[in-house]
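Colleague: If you read the protein sequences in the order shown, they are chains A and B.
Taking my numbering, I'd label the letters of the first sequence as residues 1 to 182.
Taking my numbering, I'd label the letters of the second sequence as residues 1 to 291.
Bear in mind the hints are in silico, worked out from the structure with no lab data behind them.
Each residue gets a CB set at the ideal place from its N, CA and C atoms; glycine is no exception.
Some hints here could point you the wrong way.
Stated by the list, open to error - Have a look at the derived ranges for each label pair, beta carbon to beta carbon:
#: 1; chain 1: A; residue 1: Gln-20; chain 2: B; residue 2: Leu-164; range: 54 to 64 Å
#: 2; chain 1: A; residue 1: Ala-160; chain 2: B; residue 2: Pro-148; range: 36 to 46 Å
#: 3; chain 1: B; residue 1: Val-33; chain 2: A; residue 2: Asp-164; range: 30 to 40 Å
#: 4; chain 1: B; residue 1: Pro-129; chain 2: A; residue 2: Leu-37; range: 20 to 30 Å
#: 5; chain 1: A; residue 1: Ser-137; chain 2: B; residue 2: Phe-174; range: 18 to 28 Å
#: 6; chain 1: A; residue 1: Leu-181; chain 2: B; residue 2: Gly-173; range: 38 to 48 Å
#: 7; chain 1: B; residue 1: Pro-180; chain 2: A; residue 2: Asn-155; range: 18 to 28 Å
#: 8; chain 1: B; residue 1: Lys-125; chain 2: A; residue 2: Leu-37; range: 33 to 43 Å
#: 9; chain 1: B; residue 1: Ile-74; chain 2: A; residue 2: Ala-160; range: 33 to 43 Å
#: 10; chain 1: B; residue 1: Gly-112; chain 2: A; residue 2: Ser-137; range: 57 to 67 Å
#: 11; chain 1: B; residue 1: Ile-74; chain 2: A; residue 2: Asp-164; range: 24 to 34 Å
#: 12; chain 1: B; residue 1: Ser-192; chain 2: A; residue 2: Lys-87; range: 47 to 57 Å
#: 13; chain 1: A; residue 1: Arg-182; chain 2: B; residue 2: Thr-212; range: 47 to 57 Å
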Amino acid sequence: MKKIGICTLLVFVFLQITAQKYYTKEGVISFYSNAPLEKITATNTKATSIFDMETGAIEWAILIKAFEFKKALMEEHFNENYLESSKYPKSTFKGTIKNIQQIDFSKDGEYMTNIVGRLTIHGVEKEVSTEAKFTVSNGKIIGQSELTVLVADYNIDIPALVRDNIAKEVLINIEASYELLR
Amino acid sequence: MKYTLIIFLLCIGSIQVHAQDDLLSLLEDEEIVNYTIASFKTNRIINLHSIEHTGAGVLDVKISHRFGFISGGISELFGLDQASIRIGGDFGITDRFMVGFGRSSFEKTIDGFLKYKILRQSSGKRKMPFTASIFASSAIKTTRFQDPDRENLFSSRMYYTYQLLMGRKFSEGFSFQLSPTLVHRNLVKTSSESNDVFALAAAGRIKLSRRTSLNAEYIYVLPDQLAPGFKNSLSVGFDIETGGHVFQLHFTNSTSMIEKGFVTETTGDWADGDIHFGFNVSRVFSLKKSE
């Protein structure tokens with residue numbers, strides 16, 4: 001009887017450890033397009049992300065419609081003409097933090113990691129890799145990264161008429177403040 | 001025995017949790033309100049106002065032309081020899097409230113309007129099947145009075161239009177709008193014409209590509225309100241959007257580009273080739289920088 005009790009406890013403890021995951025629903029993703037005629041920025045503050053501190057698996061999901069632009073019409077065209085958000089409402093990333101073991105989540109500090117995975121934008125999936133910095137302080141974890149994507153890689157068509165207004169390469173900034181998933 | 005079974009089940013459960021490779025499914029998806037955007041390319045369909053609004057702090061300069069009747073033939077270069085123009089500007093005070101003004105060369109008319117969005121089509125957390133706006137405009141005809149001997153009051157120059165714009169984006173490719181309309185004319189030519197004219201406008205668009213669409217609008221004026229010879233307005237058009245510009249090219253039997261004119265004073269007959277070729281050019285300027 002006692003043995004069984006211990007066993008049950010062990011199972012729960014095991015569950016707790018393996019299920020150690022961090023998440024956010026308020027990740028910030030912004031992008032920057034620097035074209036000769038126009039500089040465009042947009043920010044999404046409702047990005048969802050989760051990672052597993054054991055396996056290093058990391059995932060992101062964002063709603064394209066949640067990007068906010070300075071100009072209302074730009075936001076409309078971004079959704080209507082470029083990202084086609086009614087057809088492809090979400091953009092996702094599924095990957096792995098390669099050297100997750102090097103992060104000591106119990107010790108404050110900055111840790112550089114490599115992340116590789118598959119990024120889906122506009123319905124097109126592409127392999128990407130980037131460096132990311134994880135900052136641990138007082139039990140809080142902040143992840144930061146940067147990524148450059150080619151607009152053409154994701155079948156986003158820029159008409160000749162506006163090719164001086166929209167950059168071919170877009171810089172994406174990623175920042176998330178993670179919380180322990182309970 | 002019972003306990004062993006429970007433990008066994010728990011273990012299975014833990015394995016399942018562990019084996020879950022779709023991490024995001026662990027987080028509950030928050031449902032959000034998804035407002036429909038871009039039911040039409042711009043805030044006009046052809047002559048009619050659409051359910052679209054000019055964004056807050058945005059000035060939309062509109063230059064519209066209607067050439068003469070195509071039935072004028074080669075001597076009039078199929079109407080291209082004449083042109084009537086309206087120069088105007090629309091301004092978004094908030095995303096739901098906009099104002100506009102304009103001046104038409106036809107009858108030297110000055111017009112102004114207010115438009116307020118009362119309902120927004122949405123899906124998700126809040127579901128609303130259509131978008132609705134209320135619209136009110138007034139117009140002042142500044143040409144000389146036809147009969148100078150009669151007592152002419154300034155109010156006789158005034159026209160008012162009230163509209164309810166109800167529209168729905170049925171799919172990416174198809175949007176449809178219905179607009180019950182009331183035009184009030186302070187002065188009419190003959191007693192057989194009514195001062196209040198009720199009409200029902202219907203309009204739709206078919207999106208041809210990401211940047212072009214085909215539009216049509218028809219305004220049915222309820223019978224026995226206008227003098228004989230006045231027709232219902234029918235227009236078909238084509239929109240091309242290029243970044244900050246929208247070009248609308250169309251064929252219409254209405255000469256006027258403002259409500260009181262195209263609803264109550266359309267004389268052209270499509271069957272006789274009394275069709276104007278025309279265009280609207282819209283250019284937006286962001287005056288206010290949002291935070």
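Colleague: Look at each hint and say if it fits the structure.
Modeller: For each hint, the structure was consulted:
1. For Gln-20 of chain A and Leu-164 of chain B, the hinted distance range of 54 to 64 Å is satisfied, since their beta carbons lie about 57 Å from each other.
2. For Ala-160 of chain A and Pro-148 of chain B, the hinted distance range of 36 to 46 Å is not satisfied, since their beta carbons lie about 57 Å from each other.
3. Checked against the hint of 30 to 40 Å, the pair Val-33 of chain B and Asp-164 of chain A passes, with Cβ atoms roughly 36 Å apart.
4. Taken as a hint, the range 20 to 30 Å is violated for the pair Pro-129 of chain B and Leu-37 of chain A, whose Cβ atoms sit roughly 40 Å apart.
5. Taking the beta carbon of each, Ser-137 of chain A and Phe-174 of chain B are about 53 Å apart, not inside 18 to 28 Å as hinted.
6. Checked against the hint of 38 to 48 Å, the pair Leu-181 of chain A and Gly-173 of chain B passes, with Cβ atoms roughly 41 Å apart.
7. Remark: the range hint 18 to 28 Å for Pro-180 of chain B to Asn-155 of chain A is contradicted by a beta-carbon distance near 43 Å.
8. Against the hinted window of 33 to 43 Å, the Cβ-Cβ separation of Lys-125 of chain B and Leu-37 of chain A comes to about 38 Å, which satisfies the hint.
9. Checked against the given bound of 33 to 43 Å, the beta carbons of Ile-74 of chain B and Ala-160 of chain A, roughly 36 Å apart, stay inside it.
10. Take Gly-112 of chain B and Ser-137 of chain A: their Cβ atoms lie about 58 Å apart, and the range 57 to 67 Å holds.
11. Between Ile-74 of chain B and Asp-164 of chain A, the C-beta spacing of about 42 Å breaks the proposed range 24 to 34 Å.
12. In this structure the hint that Ser-192 of chain B and Lys-87 of chain A lie 47 to 57 Å apart at CB holds, the actual value being about 54 Å.
13. Look at Arg-182 of chain A against Thr-212 of chain B: about 52 Å separates their beta carbons, and that is inside 47 to 57 Å.
Of the numbered hints given earlier, the model fails hints 2, 4, 5, 7 and 11; all others are met.
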